[in-house]
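Heads up: the sequence shown begins at 2 in the working numbering, then just goes up one per residue.
Everything labelled a hint here was simulated from the structure, so no lab data went into it.
It is possible that part of the hints are untrue.
For lysine-lysine, the following DSBU-like pairs were computed, each having C-alpha atoms within a straight-line distance of at most 30 Å [what the hints assert, rightly or not]: (1) K422 with K142; (2) K238 with K258; (3) K89 with K544; (4) K258 with K230.
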Amino acid sequence: MTSVGDLGSKITPIMVKDPIFYFKKGLFGVPILRHEVWSTARKFRSGELRIGVQAVMQVGAESAEISRKNSKEALGIDVVSEEELRNKGFLGLRKTKLVCTIGPACCSLDDLEKLAMGGMVVARLNMCHNTREWHQDVIRKIKMLNEEMGYCVSLMIDTEGSQIHVVDHCAPSSVKAEDGSIWYFTNEKFEGTRPFTVQASYEGFSEGIDVGDELVIDGGMASFEVVEKVGNDLRCKCTDPGLLLPRAKLSFRRDGKLVGKNYELPTLSTKDWSDIQFGISEGIDFIAMSFVNSADAVTHLKNYISSQASKSIKVLAKIESLESLHKLEEIVKASDGIMIARGDLGVEIPLEQIPAIQEKITSLCRQLNKPVIVASQLLESMVEYPTPTRAEVADVSEAVSQYADALMLSGESAIGPYGLKALSVLRMSSSRMELCSGEENKQNVLFQHNLGASFPDQIAEQICNCAAQMANNLGLDAIFVYTRHGQMASLISRNRPNSPIFAFTNDSNTRMMLNLQWGVTAILVDLSDDIEANIQRSIELMKTKVLIKEDDTVLVVSDIIPTSVTQTVFQSIQVKTIM
2 MTSVGDLGSK ITPIMVKDPI FYFKKGLFGV PILRHEVWST ARKFRSGELR
52 IGVQAVMQVG AESAEISRKN SKEALGIDVV SEEELRNKGF LGLRKTKLVC
102 TIGPACCSLD DLEKLAMGGM VVARLNMCHN TREWHQDVIR KIKMLNEEMG
152 YCVSLMIDTE GSQIHVVDHC APSSVKAEDG SIWYFTNEKF EGTRPFTVQA
202 SYEGFSEGID VGDELVIDGG MASFEVVEKV GNDLRCKCTD PGLLLPRAKL
252 SFRRDGKLVG KNYELPTLST KDWSDIQFGI SEGIDFIAMS FVNSADAVTH
302 LKNYISSQAS KSIKVLAKIE SLESLHKLEE IVKASDGIMI ARGDLGVEIP
352 LEQIPAIQEK ITSLCRQLNK PVIVASQLLE SMVEYPTPTR AEVADVSEAV
402 SQYADALMLS GESAIGPYGL KALSVLRMSS SRMELCSGEE NKQNVLFQHN
452 LGASFPDQIA EQICNCAAQM ANNLGLDAIF VYTRHGQMAS LISRNRPNSP
502 IFAFTNDSNT RMMLNLQWGV TAILVDLSDD IEANIQRSIE LMKTKVLIKE
552 DDTVLVVSDI IPTSVTQTVF QSIQVKTIM
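All chains, please: the whole structure from these sequences, using the hints.
Put into structure tokens, the structure is as follows:
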């Protein structure tokens with residue numbers, strides 16, 4: 002924009018202890034077309050930190066020179082968000098992110114593109130299943146969609162963890178256990194399949210198990226009563242019919258309580274470490290760590306990744322055991338995000354406690370600014386049927402109303418014939434619930450947990466809190482964040498504002514990481530140290546794609562740190578009306 006002059010008053014540097022902000026709606030009878038509030042943090046020779054605040058307003062016209070430059074640049078917005086924004090406008094964008102588990106039912110390039118078009122922003126690969134070559138093929142197809150077709154789908158691998166599970170029974174998807182049928186669970190190794198025989202992965206799986214105990218598959222997919230012990234093997238009768246999926250998890254109950262068994266297994270097995278190294282070499286974005294029982298295990302993995310990977314890979318801790326609940330806060334703090342694995346968790350705690358535990362974990366993650374995925378059995382009936390139960394839709398809506406960052410499909414997409422329909426149910430249900438939650442303005446009930454350790458971090462945190470509140474109070478159309486590493490976009494997302502958040506970044510890793518942040522659409526653009534140039538360039542690029550229109554009002558936040566000057570701008574806030 003062309004400046005008519007600095008019509009606002011400048012405030013000399015003042016002590017941070019009592020910063021004063023001056024806002025005016027007009028000057029000399031001239032209405033303000035753009036309001037700006039600049040906050041700059043400066044370091045002086047004594048190490049004393051001061052804040053300079055400048056209120057500026059400008060009246061201007063679009064710059065032809067900037068427009069000419071922008072014609073040669075590209076706006077790195079994914080095709081799905083672009084289409085959604087063009088058709089529905091800012092406030093029509095979905096905020097809850099959708100994760101799909103990739104399996105035999107959806108691994109073709111065509112199926113993967115349909116999922117991406119349907120709203121999948123993270124593709125999860127469960128390392129319990131399929132071959133290394135199969136996983137590599139899926140990863141390359143996802144990257145092809147991103148690089149050649151304009152999608153933005155992040156890649157996640159989910160480690161198997163040290164657990165007792167069923168060895169793949171060579172069936173393409175699942176085997177049905179009927180009521181009253183007799184099954185034989187053994188640790189004997191054999192090729193192929195045997196009728197009504199299940200191989201357990203761990204030799205000592207039956208140690209301490211008595212006749213009359215209950216054997217539970219995948220947290221309740223099917224249940225059996227132990228009727229006989231034959232050496233180290235178990236002969237069981239099906240009491241609750243259901244599906245036996247490949248590599249399903251086994252657990253045991255006695256008198257309605259989990260049989261506590263200490264197999265002294267490590268959090269990450271030898272296979273897990275091999276899978277992690279594979280993921281690093283393939284350039285994945287997230288690693289979901291199974292059966293985390295301590296913060297040390299998470300820290301150990303993060304340190305290993307830092308020493309091995311050339312890019313940032315985020316570690317998500319899966320909460321799926323009673324022990325992880327006992328150490329919940331320290332695990333959340335150590336991790337980059339959380340996955341609530343409700344299926345396995347429901348094996349270890351009473352079912353009636355799951356809703357309250359889910360709400361507690363979701364709230365804690367939001368307080369500590371860690372993305373949280375609600376996973377397992379969201380639309381479990383759609384593994385077999387094309388329509389979900391009404392209770393399942395209500396479950397999805399409850400997770401959205403709790404402001405979970407993401408919802409995840411497991412078997413629904415991986416092995417079910419109706420994966421795309423299940424994704425559509427998640428999309429429509431979450432969109433509807435977001436609309437209701439926005440109208441009720443529930444995000445103001447958050448009691449802020451101060452996160453910043455350093456003073457500049459504390460400033461950034463407070464500015465993000467205020468920015469979200471300003472956007473709500475003023476009814477702004479969108480929030481633009483200019484960021485290299487995504488931290489301020491994440492902090493604003495934590496506040497769950499009504500306005501959608503657009504994170505403009507020049508780092509492709511940051512763009513992929515932000516795919517798990519509630520309400521954030523990450524856009525890849527060139528960024529410079531010149532904040533004003535970044536803003537004008539991105540707005541012009543959005544105009545060329547007809548993604549923003551005249552009279553739209555946006556709040557602008559930036560954490561770009563200039564590399565060429567000593568007096569560093571840590572952050573700024575502006576409110577702009579598009580002309």
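For this session: For the pair we were handed, K258 and K230, check the Cα-Cα distance against 30 Å.
Result: Status holds; Cα separation ~20 Å.
Exercise. Straight-line Cα separation of K89 and K544 no greater than 30 Å?
Worked result: Within the cut-off at roughly 16 Å; holds.
Exercise. Is the hinted pair K422 and K142 satisfied, with a Cα-Cα distance of at most 30 Å?
Worked result: Within the cut-off at roughly 21 Å; holds.
Exercise. Does K238 pair with K258 here, judged by a C-alpha cut-off of 30 Å?
Worked result: Judged against 30 Å, a Cα distance of about 19 Å means the pair holds.
Checked against the numbered hints listed earlier, the structure breaks none of them; every hint is satisfied.
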